[in-house]
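**Student:** Listed here are the chains, written in short residue letters.
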Amino acid sequence: MTPQDLDALLVTLRLALTSTVILLLLGIPLAWWLARTRCRLKTAVEAMVALPLVLPPTVLGFYLLIALSANGVLAGFWQALGGTGLAFTFSGLVIGSVLYSMPFVVQPLQNAFSSIEERTLEAASTLRASPLDRFFSVVLPLSRSGLITAATLGFAHTMGEFGVVLMIGGNIPGQTQVLSIAIYDHVESLEYDQAHLLSAGLLVFSFCLLFLIYAMLGRTNSKGLDR
Amino acid sequence: MTARIEFRFRRSLGKFVLDAEGEIPARGVTALFGRSGSGKTSLLRCMAGLDRAEDAYLSVAGECWHDSRSGFFLPPHQRAIGFVFQEGTLFPHLRVSANLEYGYKRAPADERSRTLQQTIEILELESLLDRYPAQLSGGERQRVAIGRALLNLPRLLLMDEPMASLDRGHKKEILPYLEKLHIDSDIPIVYVTHDLDELTRIADHLILVDQGRLTAQGPLEQILARIDLPIARESDAGAVIRTRILSHDEEYHLTQLGFSGGELTVGWIDRPAGSDIRIRIHAKDVSLAISRPGQTSILNVLPAEIREMSVHGRGRMIVRLDVGGIPLLARITQKSQIRLALKPGMKVYAQIKSVALTL
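Chain order of the listed sequences is A and B.
Just so we're aligned: 206 in the working numbering is position 218 of the first sequence, and the numbers increase by one with no gaps anywhere.
Just so we're aligned: 287 in the working numbering is position 300 of the second sequence, and the numbers increase by one with no gaps anywhere.
Think of the hints as simulated: they come from the structure by calculation, not from any bench.
Just to be clear, a hint being listed does not mean it is correct.
Label-pair ranges, simulated between beta-carbon atoms [said to hold, decoys possible]:
| id | chain 1 | residue 1 | chain 2 | residue 2 | range |
| --- | --- | --- | --- | --- | --- |
| 1 | A | LEU14 | B | PRO62 | 23 to 29 angstroms |
| 2 | B | PRO95 | A | LEU14 | 33 to 39 angstroms |
| 3 | B | GLN321 | A | GLU106 | 48 to 54 angstroms |
Values in this document were obtained by computation on a predicted structure and should not be read as measured data.
Each residue gets a CB set at the ideal place from its N, CA and C atoms; glycine is no exception.
All chains, full assembly: derive it from the sequences and hints.
**Tutor:** See below:
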């Protein structure tokens, strides 16, 4: 493995971890709102969140590129906060990944939250638990498998991302070059051995991750916790 | 400061309006009785703060919990209540022990008048502590739910048909605990039910709910003896009487009960002489005679006076009798009434075919 490949691996892992944390922090409240609200905006928000499922990544990437470029909407806001340009930076990649992987995090969470009966929460409220207390002591533990699925899918989907990254991150080694793009580069320059190494590595890693998660989910279910 | 609970709730329930105002005594079990869909559960939910009525007032032992006029509303988690739902509604991710401790941990430590251990003993939960709710029977789940509500150290215990989802066998299993709770506890209990049998076993006070309105409220014996209320039309209508065990007859396996109206001979009751016992005499099991019947297989014949009569359905009448100051109901046919020329004020003999034990 060349030093450049190693860099790509580190950038990828950093990107996936950062994005997953941000996805969960944003996705949990959003999914909770979607699962409980009767607001008319709900359907519109649901459709927005699901957009990356149907749009070609390049479309999302293209608009993000415009928004993130020096005089774009997001970049202006970012610069007002004291940041520098966003396009072709790691921060830009994180923003893109979060938007792109959002449905994979929000949908399992929303399903998990919706399956919690209102009665169970009412019971907690009659037992002196405040709304926030109820969320942490009842909602999150009951949504364990949804949380695990959401985190896994968010992480894995970000790892395998290609189109959006290529559009907004470019291909700067050590900064924005991720594994999927490194593999593409190797193939283009006919370095099949290195492409094999990275691809196989990614394949084995992904399988192991999913295997671990499904084993964990299986244990949760057999405890009879998921009704 | 009054220890009792005063309430007023006005709230639209779709088909009709909940319009309820009344009082709940500080001690004992108050049953909210009515058909399903009459608004009794809504009334209970308003008391808990789970539903918020537009026009409402609720004070518990002198403490205001809800007053729509001043815009004050205490959310449920700030009320010292215990709520037992129809299906128990335990937390599926927590073991029985953690379910029991859920409210207890959150209640102020200086108010811990009852302990975990006491509650576990009363409800016999010891062997269930390590199990998850999914591993419990319906009756066991309800027992845990009652324990969990009690351990929340409530100043008002609300029970929403806690036995409605149980079959007959499991009901029998729960009732003794409810009765024990009734004796031991000094917490006012509001108990929603549509089962007349259930309420006569555990209630002291009765509030009748019909179409969102409270049609009558008062002590159980008084309300059950009123023949102007729809409750007297129920097939198992009847009077409840407090009696004392006088003696046992081991040869015939019978027990002698006494009350101010006389003595009653009933099937063996496995309690010592001197115990107080509540019995229920169904109106359909009481017949009337003008003179003391000579030879009859019926053991219990009591002198009584007719107080009130009313026609109930085709050819049938309900009669309220006075037996030594205690009301008793009898259901007879109109034909018998004409033949015997029965009218209020007349002295008759009430023949009681059978007595149902409630406690």
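**Student:** For the hint 23 to 29 angstroms, verify it against the beta carbon of LEU14 (chain A) and that of PRO62 (chain B).
**Tutor:** Roughly 28 angstroms apart at Cβ, these two residues keep to the hinted range, so it holds.
**Student:** Given the range 48 to 54 angstroms, decide if the beta-carbon distance of GLN321 (chain B) to GLU106 (chain A) lies inside it.
**Tutor:** Holds, since GLN321 (chain B) and GLU106 (chain A) (Cβ atoms, about 51 angstroms apart) stay within the stated range.
**Student:** Does the Cβ distance between PRO95 (chain B) and LEU14 (chain A) fall inside 33 to 39 angstroms?
**Tutor:** At roughly 36 angstroms between Cβ atoms, LEU14 (chain A) and PRO95 (chain B) fall inside 33 to 39 angstroms, so the hint holds.
When held up to the earlier numbered hints, the structure conflicts with none and fits them all.
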